[in-house]
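Asks: Chain residues, written in single-letter form:
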Amino acid sequence: MTRRAKSRPRPKTKPAFEFRLYVAGDAQNSAQAMVNLTAFCRAYLVDRHTIEVVNVFKEPKRALADGIFMTPTLVKLSPPPAPRRIVGTLSQAQPVMQAFGVEALVA
Amino acid sequence: MARNINSAPTRSPCERASRKSPTGVPGFDEITGGGLPRGRTTLLVGGPGSGKTIFALQFLVHGARRCREPGIFVAFEETSTRILGNAESFGWNLAGLRDKKLFFMDAQPTADLVQSGNFDLGGMLAMLEAQTRQSGARRIVFDALDIVLALLPDAAAKRREIYRLHDWLLARGLTGLITAKAGGDDASSSSLQQFGFMQFMVDCAVILNHSAVLGVSQRNLRVQKYRGTSFDENESPFLIGTSGLEVAVAGTLGRAAANVTTERVSSGVARLDTMLGGGYYRGASVLITGFPGTAKTTLSGAFAQAACQRGERTMFVSFDSDSNEVIRDLASVGIRLGRYVKSGRLLMVSARTITGSAETYLVRIKTLASRHRARCLVIDPVSTWSKSGNDLSAHSVAERLTDWSKANNTTLLCTSLLDEMSSQHEGGSPLQISTLADTWIHLNYLMQAGERNRGLSIIKSRGTAHSNQVRELILSDSGVTLTDTYTAGGEVLMGTLRWEKEGAERAAAEATKVAGKLKRVRLDAEEAELGVRLKSLQVELQAKQVEKALLARTTEIYKGELSLGRTRMGELRGADVAIPGRKAVRP
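In order, the protein sequence lines correspond to chains C and U. Counting from 1, one number per residue, gives the positions in the first sequence under the working numbering. Counting from 1, one number per residue, gives the positions in the second sequence under the working numbering.
Treat the hints as calculated values from the structure; they're not laboratory data. For clarity, every value in this text was computed on a predicted model and none was experimentally measured.
Calculated cross-link-like contacts (lysine to aspartate or glutamate; reagent style EDC-like; alpha-carbon spacing at most 16 Å): (1) C:61 - U:99; (2) U:460 - U:273; (3) U:181 - U:78; (4) U:181 - U:77; (5) U:460 - U:438; (6) C:58 - C:26; (7) C:61 - U:106; (8) U:181 - U:146; (9) U:225 - U:203; (10) C:61 - U:129; (11) U:501 - U:472; (12) C:58 - U:129.
These stretches of chain C come out as covered by chain U in the derived footprint (C-beta under 8 Å, 3 or more residues): (13) 29-42; (14) 51-63; (15) 66-75.
For each residue, glycine too, the CB sits at the ideal point set by N, CA and C.
Turn these sequences into a full structure, and let the hints steer you where they fit.
Replies: Encoded structure:
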């Protein structure tokens, strides 16, 4: 499934990696995280990811419901197991890969 | 007065003191002259278990309940559920306040949180912004901010986030309270370095300290800085009581003067009232000192009973024995307190169960007394306080107790145990409370002729004329009485000796009485005898007079007979008529 998704993603199939990034408007850290996440996905998860960006300034209730206090926070919603969070600008790829198990999938 | 302090100012003071936000922590608002700086940020630092969270929560609860100021609690360390659970015992009705007036935000970093690179608290502030707008919150607490700061990679980032938070609070005009841990016992040491600049930044900094002094737990609070206002700069002991934090404050000059009355209250012993010129003054503090077994408790009991009989709510705190024991023991001298306990007028507190510093005792007693609305308060004995902790704090506690009871117009009766060895004579009490007391009664033993007898004397009584005599205190099953001691020849007699002496005196008086009676009887007899004699003599006299009269008569008759007879004889003889004026002369 993953291989197929990698080679030729179909609009109807569910993306392998579903991310949600909570940002604080265009604050420096948040902007940085956005840049880093995009670069990361381009490097490791080409065409098999979706990124939803939530601006906590605009949707504070949602952030509250999701328990987001530090920005930026990246939440991996799928694939299973349980969702994981990474806080920070995502400046280093290594901890991100470890946390999301991206490396294993690539290998 | 106390009720005002404890139940904290009502709504109006909150509004009036516009520059300060009352915290509802009894004592703290007095130290700071009204509470935390309104619309500013306060830093609360303290070691583990020093009461930071409770203080913070109390601040919010007070705002929500009394000042119409909704609050937000941001919990970085404990979950809100646990905080609510822990605070349940304080009776703040947090569940009822929750979500409407008091919003809890769980912001604990999860254990599996992965951090990569820099981050900021912008998200949280955005949410708080929304929440503030929705609930109209005026107070906000960041509990254990250090937890989240620890996640930040470097000091610069920490500093940046603190400033972000501070600026946000200032911009919104929220009264903020940030709590942070201080490592180790000494809250003011260099262990605070990472918050060092925070203390410069904020407008008010409060340090909580929890340490053990001579094995006794001691909590202290100190306001380190408070911009733009004067405050009590000393460490003030505080306690986590049944309704939250309570800070002990000594009366300051600015406080309202106590209502001084000239009303007297009975001491429960009639003779003692007489000695004091009518009894204790209402609102006075009375000290009874004495060695063990000199009937200090009995005198206290008599006072309590008298108070209850007048219908005044009374509280009796006993440190020595269980309250039921006290009731039983006092019943043996005719002081029956059981019925008043049943009717709820008298509250007996056995303070053996209270452990801790003198501070703890004071706060507990104050709380209980306020709740009971006690007009008379008995503490037996107050000297226990000097045993736990140091004498210095015990003295200041005694001072505050006196101060507090005066402010409330509560008549306070304390007993103080004198150490048998240390002060054989009427020395000061260990807490030097004797200088504070208005009336000081000293009980003593007098050893005489193999007996110990109790003597009572009034050492001082401010503003009342009082007897300077030592009285003997007698306990019997009908109550407590005082009797005069027998003073004769410069010595004071008590007990059996007094009784003997009095007995001898009674006997002597009796003998004198009898002797007098006897003498009177004898005199009566003599008088009677003389009377009789007088009568018989009178009779004799009468007889003699009769006899004399008879004799005179006889003589007369004889004389008459004689002259008659001569005339007749002359006639018969035909003798010459006698010439008158010439006696018949024989030739």
